[in-house]
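Novice: Given next are the chains, with one letter for each unit.
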Amino acid sequence: MLFSGITFLYFFLPVAAIYFLLPGRFKNAFLLIISLLFYFFGEPIYISLLLFSSVSDWLHGLYIEKRRGTKQAKFALVSAVVINIALLVVFKYTDFFISTINTIFSANIPLTGIELPIGISFFTFQTMSYSIDVYRGDAHAEKNIASFATYVCLFPQLIAGPIVRYTDVAKELDHRTVTIHNVSDGILRFCVGLGKKVLIANLLGELCSNFAAADEKSILFYWVNAISFSLQIYFDFSGYSDMAIGLGKMFGFNFPENFNYPFISRSITEFWRRWHMTLGTWFRDYVYIPLGGNRVSTGKWLRNIAVVWLLTGFWHGAQWNFVIWGVFFGIMLILEKLWISKLLSKLPRAIEHIYTCFIVLISFVIFSSDTGISFFTNLKAMFGGSSLPFVNEVTLYNIKSFCGILAVALIGATPLPKKIWERVTKRTGFIVCPIGAVLLLVVSTAFIVNGSFNPFLYFRF
Amino acid sequence: MNRLKSVLTIILFCTVLFGVCGMYFLLPNKDFSFAERRKLARFPELSAASVFESEFSGKLEDYLLDHIPFRESFRRINAVTRTSVLGQKDVNGLWLEKGHIFKYDGPLQPKQAEYGAKLIEKLAKEMFDGKNVYYSVIPDKNYYLTGSDHPRFEYEKLKDILVENIFSATYINIFDTLSLESYYKTDSHWSQEKILPTANKLLGGMGMPPANEKDFTLKSLSPFYGVYSGQAALTSSSDVINYLSSDYTDSAKVYGIDKETLKNVFGVEDTLVPTVYAPEKLSGTDGYDIFLSGAQPIVVMECKNAKTDRELILLRDSYGSSISPLMLGAYSKITLVDLRYIPSAIISDYIDIESADDVLFLYSTSLLNSSMLMK
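Those protein sequences? They're chains A and B, same order as listed. Oh and the first sequence: position 281 is 281 in my numbering, straight run, nothing missing. Oh and the second sequence: position 164 is 164 in my numbering, straight run, nothing missing.
Please keep in mind that the hints were generated in silico from the structure rather than gathered at the bench. Where a beta carbon is used, it is the ideal one built from N, C-alpha and C, also for glycine. One should not assume that every hint holds.
Stated by the list, open to error - Computed list of chain A residues with no C-beta within reach of chain B, every gap over 12 Å:
hint : residue
1    : Asn294
2    : Thr298
3    : Val449
Said to hold, decoys possible - Below, simulated BS3-like cross-link-like pairs (lysine-lysine); rule was C-alpha separation at most 25 Å, straight line:
hint : chain 1 : residue 1 : chain 2 : residue 2
4    : B       : Lys59     : B       : Lys103
5    : A       : Lys217    : B       : Lys111
6    : B       : Lys39     : B       : Lys259
7    : A       : Lys346    : A       : Lys300
8    : A       : Lys217    : B       : Lys103
9    : B       : Lys375    : B       : Lys122
10   : B       : Lys39     : B       : Lys263
11   : A       : Lys400    : B       : Lys201
12   : B       : Lys307    : B       : Lys281
13   : B       : Lys39     : B       : Lys201
14   : B       : Lys219    : B       : Lys253
15   : B       : Lys375    : A       : Lys217
16   : B       : Lys304    : A       : Lys400
17   : B       : Lys98     : B       : Lys39
18   : A       : Lys27     : A       : Lys171
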């Protein structure tokens, strides 16, 4: 079930609203039931994996807490992590490894055809973080399996994040307040997210589809496509995060922010502090820092960065272009730390922004490539290496047709709309907010009706 | 103020949410969308198999999308937002310009055009050997749209492909007989009352006497919502569908393949009305079906009081339905064949080729660009 689908908007949500009529002691159980129903709707078979991962880490958590400080606790932690990673490897990476072996060794091992369970990269990371936090003493083990399962299966963040740690919501699982202000703010956030996904990301996706379908491309069209895709990914994913955070807020949960205007960054280091923040902090807290972070020799520090970014690339997908994308960022971050940052600090801010946007753009060309090396072809075309004309009729037509949405996306990627909104709603918020929310809902519905299946891009993770 | 904002937001949001949800149950279901010319999705079968194979969830979403209350209003909101707010040049490939809705079907597909040309050549050379064989191309109305920055089809290249591959038929150029005003505003087809010069150019090219304007009486039907009006939801305007009736059309005997064969061999229902014009079909799924009952594999028109005894076989697409009645006075029999619905290999089983004098392949640029639809 998608947040931007009719089933969710006009059937699931009205049913979920029963939550507000229930007494406090039934709220978690109700949330758990509808969350499982939500997941079952899309994954009727693999819901078993979700339940298995939840029960496994719940049991591990209890054992770890009981045996904290002992070898058995460590063993239980390793067991919990291995089980979760095994789930990921089997269900996400098996065919990737088989294809790679077949390519390298000219083997003919048949692919398993295992389908990727929706959200597996998110819920395994969540349950892993729980076991690790319990081991470290950062969290107490949840004794109530229903409460723990509610945390893992909570539908707002279940299938595409943000990656919510147990410590983020532990208190709210036991006791949370639902106020009309929270519900209203949640509705507004949800509607903004829906608009970002349906009205901006999907339209940018149409431009990218036009590019892919065009028989005659041009250098400019390659650049326009790269910009569109980068913005599409941003609005798709941040839009989804907004919807998840908005939904969480409606039900009394405060999920962590996942995006903070990454395109205004002045360095790649800053970009990754603003882009998919919950993933970045997850790798920082559970991989980078345990490996020693930057408090080790230069060689080990480089190793730590390489490991984190290799894993980040891998996390994004079972394809070589994602691995190369992760490695690309790893190299850029190392270069920044060693040399580029010092240079950038001497340059005007505008140059810093241009540099960052340029590197991010190139990275998304790699990210969007079908295969591990097709990005070479795309980059070559972008820089005039494919004897394409600079511009042609098809390019001009698409630019004219999509300049409106590109402008909206470029401005929307900055804090400017929020600043204007805050100024406008200072005195007129009581009418502008409700009308704005409903307008976004209605217009987004209109676009959903016009289109068809419009899955989130990060659905594959 | 903050409280008022929160209360209003919740109330309005819930009104829309529960309102739309409730309307699904209150409003009657429709089986067909006249605007989109298609059957609407049916409620999916609920079974263990459909649920566990994730079929049910996907089909349920399709069903809910198709049956959303005020669907046409939502489509209109989408079209207006895209064009007027975001400045998009088209909606689903359609756009409104100079009072007409246009659609760009995509660039020239040389392989498709070549396939169509070779099929025409093969039939002209083999099946219609010994006959006077002609071919002509009907441009879509985009051809006559000048000064637009929308993509333009390569009409001349298409003609070149035909000329390079067709040697056994004579080309009749009708491009100069048409203009933008020859076409409906909301549909892809031409208006019958505007194409008498086109019919006469074809007749002249085949050495036949022209149709006389005075022989025809104009009759009008409205409103006609063409195929584009539903697809785009860009405008609520409609057309008037005019047809030219004459003694030839009124007295013509019209028939096709028998009902049983249509069902058993071709798997289609018999929808042919035994008259040239079927005004009652204006309110059907496609108003253009008033001309010879729309899509048929074979239609025969016999005209006893025609000016000559000559017979014509017209291999055509939907455009042929409205131009052929204008040629009826010149021919005693016109047999219309649509190769999208009957394979060329078996048409001799269903039509009398022997007695035909002239053969005309008359296809639109759209069909020639998707020639592989023809068998």
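Novice: Look at each hint and say if it fits the structure.
Specialist: Going down the list of hints, with the structure as the test:
1. Its beta-carbon lying about 45 Å from the closest one in chain B, Asn294(A) satisfies the requirement of being farther than 12 Å from that chain.
2. No beta-carbon of chain B comes within 12 Å of the beta-carbon of Thr298(A); the shortest separation is about 50 Å.
3. A beta-carbon of chain B is positioned within 12 Å of the beta-carbon of Val449(A); the least distance is around 4 Å.
4. The suggested pairing of Lys59(B) with Lys103(B) is violated, with an alpha-carbon distance near 29 Å, which exceeds 25 Å.
5. A C-alpha spacing of about 20 Å is found between Lys217(A) and Lys111(B), which places the hinted pair at or below 25 Å, so the restraint holds.
6. Only pairs whose Cα atoms come within 25 Å are accepted, and Lys39(B) paired with Lys259(B) is accepted, the gap being roughly 23 Å.
7. Between Lys346(A) and Lys300(A) the CA atoms are separated by roughly 29 Å; this puts the pair beyond 25 Å, and the hint is violated.
8. This hinted pair checks out: Lys217(A) and Lys103(B) have alpha carbons roughly 21 Å apart, not beyond 25 Å.
9. At roughly 12 Å between alpha-carbon atoms, Lys375(B) and Lys122(B) fall within 25 Å of each other, so this suggested pair holds.
10. Between the alpha carbons of Lys39(B) and Lys263(B) the distance comes to roughly 20 Å, so the proposed pair stays at or under 25 Å and holds.
11. Distance restraint check for Lys400(A) and Lys201(B): the Cα-Cα separation of roughly 40 Å exceeds the 25 Å cut-off, and the hinted pair is therefore not satisfied.
12. A C-alpha spacing of about 30 Å is found between Lys307(B) and Lys281(B), which places the hinted pair above 25 Å, so the restraint is violated.
13. The hinted pair formed by Lys39(B) and Lys201(B) fails the criterion: a straight-line CA distance of about 39 Å is larger than 25 Å.
14. Taken as a hint, the Lys219(B) and Lys253(B) pair is honoured in the structure, with Cα atoms around 20 Å apart against an allowance of 25 Å.
15. With a C-alpha separation of about 33 Å, the suggested pairing of Lys375(B) with Lys217(A) is violated against the 25 Å cut-off.
16. Distance check on the hinted pair: Lys304(B) and Lys400(A) sit about 57 Å apart at the alpha-carbon level, beyond 25 Å; violated.
17. Among the hinted pairs, Lys98(B) with Lys39(B) is inconsistent with the structure: their alpha-carbon atoms are about 31 Å apart, more than 25 Å.
18. Of the supplied pair hints, the one linking Lys27(A) and Lys171(A) holds, its CA atoms being roughly 14 Å apart against a limit of 25 Å.
In summary, the structure is inconsistent with hints 3, 4, 7, 11, 12, 13, 15, 16, 17 from the numbered list given earlier, while agreeing with the others.
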